[in-house]
Structure formats: structure tokens, C-alpha cells
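J.: Please work from the sequences and hints to get the whole structure.
Listed here are the chains, written in short residue letters.
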Amino acid sequence: MASKAIFSTLRRSLTKPHGGAVSRRHHLSTTSAATASEPYPGDEHAIVMKGVRISGRPLYLDMQSTTPLDPRVFDAMNASSIYDYGNPHSRTHLYGWEAENAVEVARIQVAKLIGASPKEIVFLSGATEANNTVVKGVMHFYKDKKRHVITTQTEHKCVLDSCRHLQQEGFEVTYLPVRTDGLVDLEMLREAIRPDTGLVSVMAVNNEIGVVQPMEEIGRICKEHKIPFHTDAAQAIGKIPVDVEKWNVSFMSMSGHKIYGPKGVGAMYVRRRPRVRLEPLMNGGGQERGLRSGTLATQQVVGFGVACELAMKEMEYDEKWIKRLQERLLNGVREKLDGVVVNGSLESRYAGNLNLSFAYVEGESLLMGLKEVAVSSGSACTSASLEPSYVLRALGVDEDMAHTSIRFGIGRFTTEEEIDKAVELTVKQVEKLREMSPLYEMVKEGIDIKNIQWSQH
Amino acid sequence: MVDKGPVISLCRSLLRAGHQYPDYNIREYAKRRTLEGFRMNKNLTDHSKVEEAYAEGKKQLEVVERVVKVYLAYPPRTKNIMELKLQ
Numbered sequence: 001m002a003s004k005a006i007f008s009t010l011r012r013s014l015t016k017p018h019g020g021a022v023s024r025r026h027h028l029s030t031t032s033a034a035t036a037s038e039p040y041p042g043d044e045h046a047i048v049m050k051g052v053r054i055s056g057r058p059l060y061l062d063m064q065s066t067t068p069l070d071p072r073v074f075d076a077m078n079a080s081s082i083y084d085y086g087n088p089h090s091r092t093h094l095y096g097w098e099a100e101n102a103v104e105v106a107r108i109q110v111a112k113l114i115g116a117s118p119k120e121i122v123f124l125s126g127a128t129e130a131n132n133t134v135v136k137g138v139m140h141f142y143k144d145k146k147r148h149v150i151t152t153q154t155e156h157k158c159v160l161d162s163c164r165h166l167q168q169e170g171f172e173v174t175y176l177p178v179r180t181d182g183l184v185d186l187e188m189l190r191e192a193i194r195p196d197t198g199l200v201s202v203m204a205v206n207n208e209i210g211v212v213q214p215m216e217e218i219g220r221i222c223k224e225h226k227i228p229f230h231t232d233a234a235q236a237i238g239k240i241p242v243d244v245e246k247w248n249v250s251f252m253s254m255s256g257h258k259i260y261g262p263k264g265v266g267a268m269y270v271r272r273r274p275r276v277r278l279e280p281l282m283n284g285g286g287q288e289r290g291l292r293s294g295t296l297a298t299q300q301v302v303g304f305g306v307a308c309e310l311a312m313k314e315m316e317y318d319e320k321w322i323k324r325l326q327e328r329l330l331n332g333v334r335e336k337l338d339g340v341v342v343n344g345s346l347e348s349r350y351a352g353n354l355n356l357s358f359a360y361v362e363g364e365s366l367l368m369g370l371k372e373v374a375v376s377s378g379s380a381c382t383s384a385s386l387e388p389s390y391v392l393r394a395l396g397v398d399e400d401m402a403h404t405s406i407r408f409g410i411g412r413f414t415t416e417e418e419i420d421k422a423v424e425l426t427v428k429q430v431e432k433l434r435e436m437s438p439l440y441e442m443v444k445e446g447i448d449i450k451n452i453q454w455s456q457h
Numbered sequence: 001m002v003d004k005g006p007v008i009s010l011c012r013s014l015l016r017a018g019h020q021y022p023d024y025n026i027r028e029y030a031k032r033r034t035l036e037g038f039r040m041n042k043n044l045t046d047h048s049k050v051e052e053a054y055a056e057g058k059k060q061l062e063v064v065e066r067v068v069k070v071y072l073a074y075p076p077r078t079k080n081i082m083e084l085k086l087q
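So the sequence lines, in the order shown, correspond to chains D and F.
Residue numbers for the first sequence follow full-length UniProt numbering, beginning at 1 and rising by one.
Residue numbers for the second sequence follow full-length UniProt numbering, beginning at 1 and rising by one.
Treat the hints as calculated values from the structure; they're not laboratory data.
Misleading hints may appear alongside valid ones.
To be verified - Mimicking BS3-like on lysine-lysine, the simulated pairs with C-alpha atoms at most 27 Å apart in a straight line are:
id : chain 1 : residue 1 : chain 2 : residue 2
1  : D       : 421       : F       : 31
2  : F       : 58        : D       : 320
3  : F       : 31        : D       : 313
4  : F       : 4         : D       : 313
5  : D       : 450       : D       : 336
6  : D       : 263       : F       : 69
7  : F       : 42        : D       : 323
8  : F       : 59        : D       : 320
9  : D       : 323       : F       : 31
10 : D       : 323       : D       : 428
T.: Shown next, in the form of C-alpha cells:
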């Protein structure tokens, strides 16, 4: 009897009523006390982590790195986790049949989003695995006749790294430069094509700057020369209309966690007509048409399928909303600040990705001040080398501008108030830094920084 | 043919259910999307389409009510900055 009372009070103290967060009072350790400022009123919800003190959970504006799970996807995954535990490849009993059904339904949902047939979809662990499989698998299959790969300088790291791996094996790779607006020059692509080119890989929507490449034109060029065309569409599906027939792609990589689905799942589109062959990366029991052996994680695949279906239904509404928020963000920042540069073409762009560079501001201090907004920077400031991002370097952005670039990622769940708050915080931080900057003072007086003769001490 | 009464009551139930999400972003999205969904279908005249939209709304209500229960079973960790400033 007494134990029941104890447990009920314990339960009551642990579960809070809706909307109320568990407030934690963090005592400052001696190390962070030296760097922390005095607490301001209303600071009971402060979080202290990694020596930084923030007043609450930051607003999430980093949709390109990953997206939160949509509740409808979560619902479908729960049901599947509980009941579809059979191995989808077990042919002999109901558990296998049910799991296989669930996977096939997901396959149809993914295929519909990109305009493909379900038989052309292969599930795997993510876009990185798909990129690796395609780049290495295609070239290894055709290694006797085809020794050349064409890709761009702004590709995702996994594609560039796979190409470097191929170079070490003896293949030749052409890294096409991009123009200053981030788009591929079609004439350079035409010139780079050789008789022994085995693959052209161009990503549809860039994850850092958000530009949309001219996919139809590139597809047409590849069709002319009969070269398989691979695209990393992880950031593109569900956001811009994707059609494998119109784009004439032979391979496409897709990722689950960029479209409000679960992490750890992705898909690869492999064209069946005209047939393109590739060597699998994962050998084993021959699942997924022999291209990717291994038991499928049924609930992840189901989640991915539902996310794709939702993306198809919501694409129009999301696009309108995100475009509206992007304009609000850009106009809000441009009204109050000058020297704001948008990296990448503003016309051929996915609205949810806004990469801005602020002139005369130091990048790392800008990021340190923007702790209440979860954004990503364009440079590897946080890593050991202070190297700016290779994508911005390929665009021809100056080093100092590349260091101050910030990538705002707007998504389905972003609200107008969050955008207003992000604008307010960014403007405040940039103004504060510029006030302290002697370079900015000189620019205001009209001195041209590039023509200064700095004296040596 | 679905009358105006049940439709308004469905909208109200969806809004009330969506309001219970502990996460700020999802809560705001639920409200916005519900209102937009009903606004989009406001001028439908085809009976079958109206029935279809109503059935879809009922299905979404089931999903929201179920999911909210799970979300509330795990207490949120920290308050979002947007919720703090609104106070």
C-alpha cells in the first residue's frame, strides 16, 4: 500500500503536464564560471553545455544537415516496429509476408515521388551508401572499357571521396569547375566528355549553397553521348519536382532523414530501361536485386516510404510557405544590414537553403554569438584546420567572405516568428561585431581595403 | 453529403488535439496545416470529394490523437527559446 503511494508520487513528480518543460537548474562549474556572464532575469531554463550558456533550446534552422521526424512518419514507424518484425526476405511464413508487404508498399511510395517504377528502387542505409555504390560499382563493372569519371567540384564529400578512391585505383576523374553562381557550365561538360567516360555525377540540389543544377540539359547531353548519369538527389526529393524520365538519370541517391523521415535509411534508383549494370558493394544473399544484400530494417523503410508520400502531398504547400519565409529572412536582413552577399544563384535555388556571407565580420565570433539559433557555417571553423568550405572556394568566394558564411535552413516546421527572431539575433550580432571592427570603420570612411599598403613592422 | 456542423467540429477537434504537442515547431505546424487544409477545401462542391476530404480529416485526427499521447509520455527536456520569449 505504502509502495503504491511512493510510486504514484514518484510518477507525478517525473511526468509534467503538457507544455511544461522539465526545468533544470544547472550549477556553474568552476571552469565555465570564468567565461559565463552574469545571469539575466528569467534564466531558470538555462542550459550549460560545452562551456556555453544558452537561455533555452535554440531555434532550429539547420534543415540541410537533418530534419526532425514528422509525427505522421513517427506514427507509421511505431505500428511497423511493433507488428512487422518478421524478416522481409523470409518466404515461408506470415511474418515474412507481412514485412515484405510493408517494404513493397514503401517501395511504391518512393517510386511515385520520383516517377520511377518500384522495381527500380533499392533500399540501403542512406545517400552516402548509395553514392558509394553507384560511383564505385559502375566504374568497377565497366573497368575494362571505361576509365573516366566526370563530376563537379561542389559535390558532396562522399562522391568526391569515392572518386579519389577510384583515382588511387587508376581511373581518371575530371572535377568540373562551377561558375560563380554555383551552376555547372554545360560547354565545359561537353568538352570534358571522352570516349571512355563511364559516369557523369552531378548533384541536383547542393547541400551547402542550395543551387539547383540544370538537370534536364545535363541529362540531354548524357543521353546524346550514351553515358550513365548519376545524381545525388538527397536534398532534392520532396522539395523540387523530380522526374527520372525528364532528367534522364540512370542512377539517383536518396536519403530519408532530409525529408522528415528516419535516419539510417535511403534508396538508390537504378534504371532498368535502358539497362545499366553495377557491381554491388554489399555481397551476400542477393537481396534487393543482388545490388544490396542484407536484411532490410522494415520500420525504417516504412518510415521512409511514408515520408516520401507525405512529401509528394505537401510539396506545393511547403514550397509556398518556405519561399515566403526565405523572402522574409532575406529582406529582413537586407533592410538592416549592408554587405550581405547570397552565395550561389538566387534564381536557380531551392528556397529552403539560404547561404549568406556578411562582409567585414569575423566568422567564428559571429557563430559564437549566434548560439540561440542552430545554424551551420560555410567553413570548417569548428575543425582543426581553419579551412573554408571547398564549395565556397569552388564558387570563387574570397577567403574572408567564405569564413563568415552562414547557412540558414528553412523547413516545413519553421514558423514566421522563428525567422523574425533569427533576423533580429543575426542583425544584432553582426552590428555588434562591425562596430568593433576597424576594417568596417575604414570602409565607412571610403577607403578601399584592397588597395591599402600595409606597412611591415 | 457532409454538413457544415460535423466539418467545423472536426476542425475544432484537430486544432484542440494539435495544441497538445509539447514541441513548439510541431504544435505551430499542426495549427497552421489544419487551418490551411480546411481553407483549401472550403469551396468544394462535388459530394464525393467532400466525403473524401472529410474521411481524410478524420484519419488525420486519429493519427494526431495517438501520436500526441506518445509524445506526452516522454517529458520534454528543455524549453524552446521561442516559448520563453512568449512568456
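J.: Next pair to validate is residue 59 of chain F with residue 320 of chain D; report whether the Cα-Cα distance is within 27 Å.
T.: It holds: about 25 Å lies between the C-alpha atoms, which stays within 27 Å.
J.: Assess, step by step, whether the Cα of residue 42 of chain F is no farther than 27 Å from the Cα of residue 323 of chain D, and give holds or violated.
T.: holds (24 Å)
J.: Given the hint that residue 263 of chain D pairs with residue 69 of chain F, does the C-alpha gap stay at or below 27 Å?
T.: holds (23 Å)
J.: Does the alpha-carbon distance linking residue 450 of chain D and residue 336 of chain D stay inside the 27 Å limit?
T.: Between residue 450 of chain D and residue 336 of chain D the Cα gap is close to 25 Å, so the pair holds against 27 Å.
J.: Under the criterion that the straight-line Cα-Cα distance not exceed 27 Å, is the pair residue 421 of chain D, residue 31 of chain F satisfied?
T.: holds (20 Å)
J.: Sort out whether residue 313 of chain D lies within 27 Å of residue 31 of chain F, counting only the CA atoms.
T.: Answer holds: residue 31 of chain F to residue 313 of chain D is near 18 Å, not above 27 Å.
J.: Next pair to validate is residue 323 of chain D with residue 31 of chain F; report whether the Cα-Cα distance is within 27 Å.
T.: Distance ~19 Å between residue 323 of chain D and residue 31 of chain F Cα, so the pair holds.
J.: For the pair supplied as a hint, residue 323 of chain D and residue 428 of chain D, is the alpha-carbon distance within the 27 Å limit?
T.: holds (24 Å)
J.: Holds or violated: residue 4 of chain F and residue 313 of chain D, Cα atoms, limit 27 Å.
T.: Holds - the C-alpha atoms of residue 313 of chain D and residue 4 of chain F are around 25 Å apart, at most 27 Å.
J.: Check the hint pairing residue 58 of chain F with residue 320 of chain D against an upper bound of 27 Å on the C-alpha distance.
T.: holds (25 Å)
Comparing the model with each numbered hint stated earlier shows that all of them hold.
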